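Q: One-letter residues, chain by chain:
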Amino acid sequence: MDVMQIIGTGLTAALGPVGAFYALAAMGLNIHYGYTGLLNFGQVAFMMVGGYGMAISVAIFELPFLVGVLIGLAAAAVLALILGIPTLRLRADYLAITTIAAGEILRLLINSSPATQFTGGPFGLPSQVSDNRRFTTTFLEWNPIPAGDYGFSTIKFNATSLWLLVVLWLLVALTAWAIHAIMRSPWGRVIKSIREDEDAARSLGKNVFVYKMQSLVMGGLLGGLAGIGMSLTLSNANPVNFLPQVTFFAFTIMILGGAATVTGPVAGSIAFWFLVAGLDQAIRDAGMLPSGTEGAFRLAFVGLGLMLLIVFRPQGILGNKQELMLNG
Amino acid sequence: MTIIHEPLLIADGITAGYLPGVNILDGCTLELYPGEFVGIIGPNGAGKSTLLKALFGLVNVREGVVRLRGESITNLAAHALVEKGVGFVPQTENIFPSLTIRENLEMGIYLDSDKFGERFDEVCDLFPLLGQRASQRAGGLSGGERQMVAMGRALMMKPSVLLLDEPSAGLSPALQDETFIRCREINATGVSIVMVEQNARRCLQICHRGYVLDQGRNAYTGTGLELLHDPKVIELYLGTLAQG
Amino acid sequence: MAETSRSPGAPALTGLDAVPGVAKPDPILIADGVVRRFGGLTAVDVDHLEVPRGCITSLIGPNGAGKTTFFNLMTGFDTPTAGSWQFDGHDLHGVAAYKVARFGMVRTFQLTKALMRMSVLENMKLAAVDQPGERLATSLVSSLWRKRDDEVEQAAKELLHRFRLDHMADEFAGTLSGGQRKLLEMARSLMVKPTMVMLDEPMAGVNPALTESLLQHVKDLPGLGMTVLFVEHDMDVVMDISDWIIVMAQGEIIAEGPPASIASNRAVIDAYLGAHHEDKSVFDEGPAKIAIPGGAEASDWAAARAREERDQ
Numbered sequence: 001m002d003v004m005q006i007i008g009t010g011l012t013a014a015l016g017p018v019g020a021f022y023a024l025a026a027m028g029l030n031i032h033y034g035y036t037g038l039l040n041f042g043q044v045a046f047m048m049v050g051g052y053g054m055a056i057s058v059a060i061f062e063l064p065f066l067v068g069v070l071i072g073l074a075a076a077a078v079l080a081l082i083l084g085i086p087t088l089r090l091r092a093d094y095l096a097i098t099t100i101a102a103g104e105i106l107r108l109l110i111n112s113s114p115a116t117q118f119t120g121g122p123f124g125l126p127s128q129v130s131d132n133r134r135f136t137t138t139f140l141e142w143n144p145i146p147a148g149d150y151g152f153s154t155i156k157f158n159a160t161s162l163w164l165l166v167v168l169w170l171l172v173a174l175t176a177w178a179i180h181a182i183m184r185s186p187w188g189r190v191i192k193s194i195r196e197d198e199d200a201a202r203s204l205g206k207n208v209f210v211y212k213m214q215s216l217v218m219g220g221l222l223g224g225l226a227g228i229g230m231s232l233t234l235s236n237a238n239p240v241n242f243l244p245q246v247t248f249f250a251f252t253i254m255i256l257g258g259a260a261t262v263t264g265p266v267a268g269s270i271a272f273w274f275l276v277a278g279l280d281q282a283i284r285d286a287g288m289l290p291s292g293t294e295g296a297f298r299l300a301f302v303g304l305g306l307m308l309l310i311v312f313r314p315q316g317i318l319g320n321k322q323e324l325m326l327n328g
Numbered sequence: 329m330t331i332i333h334e335p336l337l338i339a340d341g342i343t344a345g346y347l348p349g350v351n352i353l354d355g356c357t358l359e360l361y362p363g364e365f366v367g368i369i370g371p372n373g374a375g376k377s378t379l380l381k382a383l384f385g386l387v388n389v390r391e392g393v394v395r396l397r398g399e400s401i402t403n404l405a406a407h408a409l410v411e412k413g414v415g416f417v418p419q420t421e422n423i424f425p426s427l428t429i430r431e432n433l434e435m436g437i438y439l440d441s442d443k444f445g446e447r448f449d450e451v452c453d454l455f456p457l458l459g460q461r462a463s464q465r466a467g468g469l470s471g472g473e474r475q476m477v478a479m480g481r482a483l484m485m486k487p488s489v490l491l492l493d494e495p496s497a498g499l500s501p502a503l504q505d506e507t508f509i510r511c512r513e514i515n516a517t518g519v520s521i522v523m524v525e526q527n528a529r530r531c532l533q534i535c536h537r538g539y540v541l542d543q544g545r546n547a548y549t550g551t552g553l554e555l556l557h558d559p560k561v562i563e564l565y566l567g568t569l570a571q572g
Numbered sequence: 573m574a575e576t577s578r579s580p581g582a583p584a585l586t587g588l589d590a591v592p593g594v595a596k597p598d599p600i601l602i603a604d605g606v607v608r609r610f611g612g613l614t615a616v617d618v619d620h621l622e623v624p625r626g627c628i629t630s631l632i633g634p635n636g637a638g639k640t641t642f643f644n645l646m647t648g649f650d651t652p653t654a655g656s657w658q659f660d661g662h663d664l665h666g667v668a669a670y671k672v673a674r675f676g677m678v679r680t681f682q683l684t685k686a687l688m689r690m691s692v693l694e695n696m697k698l699a700a701v702d703q704p705g706e707r708l709a710t711s712l713v714s715s716l717w718r719k720r721d722d723e724v725e726q727a728a729k730e731l732l733h734r735f736r737l738d739h740m741a742d743e744f745a746g747t748l749s750g751g752q753r754k755l756l757e758m759a760r761s762l763m764v765k766p767t768m769v770m771l772d773e774p775m776a777g778v779n780p781a782l783t784e785s786l787l788q789h790v791k792d793l794p795g796l797g798m799t800v801l802f803v804e805h806d807m808d809v810v811m812d813i814s815d816w817i818i819v820m821a822q823g824e825i826i827a828e829g830p831p832a833s834i835a836s837n838r839a840v841i842d843a844y845l846g847a848h849h850e851d852k853s854v855f856d857e858g859p860a861k862i863a864i865p866g867g868a869e870a871s872d873w874a875a876a877r878a879r880e881e882r883d884q
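Chains as they are written, first to last, in our numbering: chain F, 1 to 328; chain H, 329 to 572; chain L, 573 to 884.
I should point out that these hints are in silico values taken from the structure, not numbers from a laboratory. The model shown is predicted, which means the values in this text are computed figures rather than measured ones. A hint or two may mislead.
As the list claims (entries may be wrong) - Estimated spans, in silico, between C-beta atoms of each pair:
#1 Gly-666(L) with Arg-510(H): 41 to 47 Å
#2 Gly-151(F) with Asp-354(H): 53 to 59 Å
#3 His-739(L) with Pro-559(H): 22 to 28 Å
#4 Gly-355(H) with Arg-877(L): 40 to 46 Å
#5 Leu-90(F) with Ile-509(H): 43 to 49 Å
#6 Ser-470(H) with Ser-836(L): 21 to 27 Å
#7 Glu-725(L) with His-407(H): 43 to 49 Å
#8 Gln-543(H) with Arg-879(L): 19 to 25 Å
#9 Asp-199(F) with Gly-605(L): 50 to 56 Å
#10 Ile-509(H) with Gly-797(L): 42 to 48 Å
As the list claims (entries may be wrong) - Here are a few chain H residues that sit away from chain L, every Cβ distance over 10 Å (derived from the structure):
#11 Asn-388
#12 Arg-397
#13 Lys-412
#14 Pro-425
#15 Phe-448
#16 Asp-449
Where a beta carbon is used, it is the ideal one built from N, C-alpha and C, also for glycine.
When you get a sec, could you build the whole thing from the sequences and use the hints?
A: Next comes the structure, spelled out in C-alpha cells:
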C-alpha cells in the first residue's frame with residue numbers, strides 16, 4: 001500500500017474542485033439548518049436545478065455561459081419559493097418531507113424519456129456530444145493557466161482542474177465572508193432566534209415567515225451554485241450525480257466541520273473528502289473488496305462515520321460543545 | 329456518651345453541573361435522617377434543583393459523594409435508585425399525558441408489577457381522586473391533578489425516600505396549600521422527604537429541617553421554625569411581604 | 573392598601589361597579605364574545621371584558637381556567653372559535669402574532685422562551701424595534717446599522733442592570749436557572765417599548781426577595797406609559813400591586829373589581845384562594861411527627877449541630 005499515494009489522492013479530492021463545491025453546498029445547508037433550524041433534506045434538489053439550469057441553457061438553448069449561470073441560480077431561488085410557501089408556516093417536519101420528495105421527483109423527471117430532449121435523460125448532458133452542446137466551453141476558454149500538470153508530490157491537478165478549484169475556492173471565500181458579515185448583523189440575530197424559538201421571535205414582532213423564506217432562498221442559491229460547480233467539474237449534468245446521498249454527504253460535512261460556524265463547512269468538506277477519497281484509494285490498493293463494490297463500501301463508511309461523529313463529537317471540528325449541549 | 333447518628337441519605341461536598349466546565353454546585357452538603365422532611369430553599373440559580381438531581385443521579389457529580397444508608401450511590405442510574413427505594417417527582421413533564429391515570433400508576437410499579445393491586449389501593453386512599461378518575465386520560469387533567477398523579481406514581485414503589493422538585497409550581501394558592509398538606513401526610517406515614525421549593529414560607533412550615541442554598545453553597549441550615557424566624561433568612565430569602 | 577397607586581389610569585377606576593364585564597372609561601383592550609372550544613371542551617367563553625389603560629390589572633384563577641388561552645387568543649397565537657376584540661382602537665381578529673406585537677401588545681410565556689443558544693445580551697437586543705440591520709439588504713453593510721445597534725446595546729445593558737442580570741450578559745441564556753430566565757423574559761419584553769405588556773406568571777420561580785424589587789419595576793411601568801395585564805398566583809403580589817383584578821374560572825370571568833372587593837369575595841376565596849389563606853393554623857402546627865423510630869432524635873441532633881456551627 002503506497003501511503004503517499006493514498007494521502008495524495010485524498011488531498012487532491014479535498015483541495016480540488018470537489019472539496020470546493022461540496023463546501024458551497026454545505027454552507028448553504030448550514031444557513032438552512034445550522035443557523036435557521038430549517039430541516040432541508042433536499043439540498044441535492046437545489047444543486048440539480050442549478051446545474052441543469054445552467055447546462056440546459058447553454059447546451060440546448062445556446063445562451064451565453066454567464067446567462068446560463070444566472071438562470072441556474074434563478075431556478076434554485078424559484079425552487080426555494082415553491083417549496084417554502086406551502087411548508088414554512090407549518091412544523092419543521094413538513095419541510096423535511098417535502099424537500100426529500102422534491103429531490104427525488106426532480107431527479108426522476110430529469111431522467112424520464114419526455115424530458116430527455118432537454119436533459120439528456122439517463123445519459124445526462126455530456127459535454128462531448130457536439131461542439132455547440134458543450135456547456136463547459138466558455139468557462140474553459142477563460143482559463144488563463146497554461147496546459148500541463150501542477151501540484152507537488154502525489155497531489156496532481158491539470159490546468160482545467162486548477163482553474164476550477166481556484167474559481168470555486170474563491171467563491172467559497174467570498175461566501176464565507178458574506179455569511180460571517182450577515183450572521184453577525186441584526187438580521188442574523190433574528191435568524192438564530194427563529195432556530196431557538198419561533199414563537200418568541202413572533203412575540204417580539206418579527207415576521208418569521210419572511211425570514212425563513214429569505215434563509216431558504218439564500219441557502220438554495222448556494223446549493224445551485226454548488227450544482228453548477230459540480231456540472232462544470234464533471235463536464236456532465238447527469239441524474240446519477242444527484243442521488244439523495246449527495247444531501248447526506250453535505251449534512252455529514254456540515255456536522256463534521258461544526259454546524260452554525262462560518263468555516264465549519266469548509267473544514268468539514270476538506271476533511272471529509274480527504275478521508276473518503278483516501279479510503280477509496282486504500283481499498284483499491286489493498287484489493288480487499290470485489291470490484292464494483294467500492295461505491296457501496298464508501299456509502300457504508302460515510303454512514304458509520306456519521307454515526308460515530310454524532311455519538312462522540314457532535315460539535316464537529318470547529319463547533320462549540322457547550323452551545324451544542326444547550327440544544328434541548 | 330456521644331451518639332453519632334447515621335443519615336439515611338447524604339450528599340457530601342457535592343460539586344456538580346450540566347455543562348462541561350460550569351459548576352452549579354460548589355461543595356454542597358445535605359443530610360436526611362430517617363422519617364425527616366427536609367426542605368431546600370434559596371434564590372434563583374442557587375442550585376436547589378441541581379442538588380436534588382444530584383441525589384438522583386440526574387446531573388454529573390464531579391466531586392463529593394452521595395450515600396444511601398452508608399452505601400455510595402453517586403452517579404448511579406435512576407432505575408437502580410428506584411429499586412433501592414428512592415422516588416423522584418420532577419417539576420415538569422412528570423406524567424404520561426397519553427396514558428390514563430391507572431396506566432400512569434402502573435408505570436410507577438413497572439419493576440414490581442405483581443404488587444400493583446395492593447399499592448394502587450394504598451395510593452388511592454391517600455389521593456381519592458385518582459381512584460375515582462382512574463380511567464381518565466392524564467393529559468386532560470389540570471395542573472394540580474397532574475401533580476397528584478405524578479406523586480402517586482412515585483409512591484407506587486413504596487419508596488423510603490421521596491425527592492420532590494417544586495411540587496407547588498404553577499398551582500393556585502388553594503392547590504398549593506393542599507399539595508403541602510398532602511406532602512406532610514405522606515411524611516407522616518414514614519416516607520422521608522427532600523423537597524425543593526420556591527414557596528419558602530410553606531416549605532419551612534412543614535419541614536423538620538431546612539437548607540438555604542446560595543450560589544451553589546450552603547448558606548443557612550436549621551430547623552424549619554428557626555429558619556422561618558431568622559432575620560437574615562427573612563431579609564434575604566423570604567421577603568417582608570411574606571410576613572404574617 | 574395604604575399606599576396610593578401610582579398608576580395614571582387608576583383614578584378612572586374609582587366608583588366602578590365590581591361586576592364582570594363592567595365598562596371602563598378608557599379601555600385599551602375590549603373583548604366581545606370571545607369563545608375558544610377544543611372539541612367538546614370550552615376553554616374560553618368571555619362575554620365582555622375591558623382592560624383599563626394605564627393601570628396594572630391582574631388576571632387570576634385556578635389552573636385550567638383559561639387565562640393562558642385567553643392571552644394566546646388576544647395576541648394572535650391562537651384562533652378563536654368566535655368573537656372579536658380591539659386593542660388601542662385596532663381590530664385584531666385574524667391578525668398574525670408578530671403584527672399584534674408591532675401594534676404594541678407584547679406578551680411573555682408561562683413556560684419561558686429564552687433563546688437558549690444565544691447570549692443574554694443577544695436575547696435582549698433582539699427585542700428592540702426599528703433595527704435597520706434586521707433587513708437583509710442592509711445587513712451586509714455594517715456601517716448602515718452599527719449606530720442603532722450600539723444604542724440598542726446600551727439600552728439592553730441598562731435594563732439588564734435593573735433586573736440584576738448584567739453579570740450574565742455574555743452567558744448563553746440556556747445556562748440561566750429557571751427564575752433567571754423569567755427575569756430575562758420580562759426584561760426582554762420591555763425592550764420592545766410596548767403599549768401594553770401581558771405577563772404570564774412573571775414571578776413564578778423567582779425568589780421571594782427578588783420578587784419585591786421586580787414588583788417595583790412593574791409598578792413603575794404605568795408611569796412610563798404602559799398598561800400591564802398579568803397572570804399570577806402569588807396573592808401577596810396580586811393584592812399589593814394591582815389596581816384592578818379579574819377572576820377567571822372555567823373559561824369565564826366570574827368576578828372583577830379592586831383588590832379589596834376581590835379579597836372579600838366569598839366565591840373567589842372558596843374556588844381559588846382556599847380557606848387556609850386566612851386560617852393559618854393548619855400550617856402553624858408545623859411538620860408531621862417523625863414516624864421512624866430514632867428519626868426524631870437524629871433530626872434534633874443534626875439541628876443542634878447546625879446551631880453549634882453557626883454560633884462559632
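Q: If a hint holds in the structure, say so; if it doesn't, say that too.
A: Consistency of the hints with the structure:
1. A hinted range of 41 to 47 Å holds for the C-beta pair Gly-666(L) and Arg-510(H), which are about 45 Å apart.
2. Checked against the hint of 53 to 59 Å, the pair Gly-151(F) and Asp-354(H) passes, with Cβ atoms roughly 56 Å apart.
3. Restraint check, His-739(L) to Pro-559(H): a C-beta distance of roughly 27 Å satisfies the suggested window 22 to 28 Å.
4. With their beta carbons about 18 Å apart, Gly-355(H) and Arg-877(L) fall outside the hinted range of 40 to 46 Å.
5. Checking the proposed 43 to 49 Å range against Leu-90(F) and Ile-509(H) shows it holds: the Cβ atoms sit about 46 Å from each other.
6. Taking the beta carbon of each, Ser-470(H) and Ser-836(L) are about 26 Å apart, inside 21 to 27 Å as hinted.
7. Distance hint check: the CB atoms of Glu-725(L) and His-407(H) are about 48 Å apart, consistent with the given range 43 to 49 Å.
8. Checking the proposed 19 to 25 Å range against Gln-543(H) and Arg-879(L) shows it holds: the Cβ atoms sit about 23 Å from each other.
9. Separation of Asp-199(F) from Gly-605(L) is about 26 Å and departs from the stated range, judged on CB atoms against 50 to 56 Å.
10. In this structure, Ile-509(H) and Gly-797(L) meet the distance hint of 42 to 48 Å, their C-beta atoms being roughly 44 Å apart.
11. Non-interface status of Asn-388(H) relative to chain L is upheld: no Cβ of that chain comes within 10 Å, the nearest being about 15 Å off.
12. Every Cβ of chain L is farther than 10 Å from the Cβ of Arg-397(H); the closest lies at roughly 13 Å, confirming the non-interface assignment.
13. Once the 10 Å rule is applied to beta carbons, Lys-412(H) is consistent with being away from chain L; the minimum gap is 17 Å.
14. Distance check on Pro-425(H): its Cβ is at least 14 Å (rounded) from any Cβ of chain L, clearing the 10 Å threshold; non-interface status holds.
15. Every Cβ of chain L is farther than 10 Å from the Cβ of Phe-448(H); the closest lies at roughly 22 Å, confirming the non-interface assignment.
16. Distance to chain L confirms Asp-449(H) as a non-interface residue, since its nearest Cβ pair spans about 20 Å, more than 10 Å.
The earlier numbered hints that this structure contradicts are 4 and 9.
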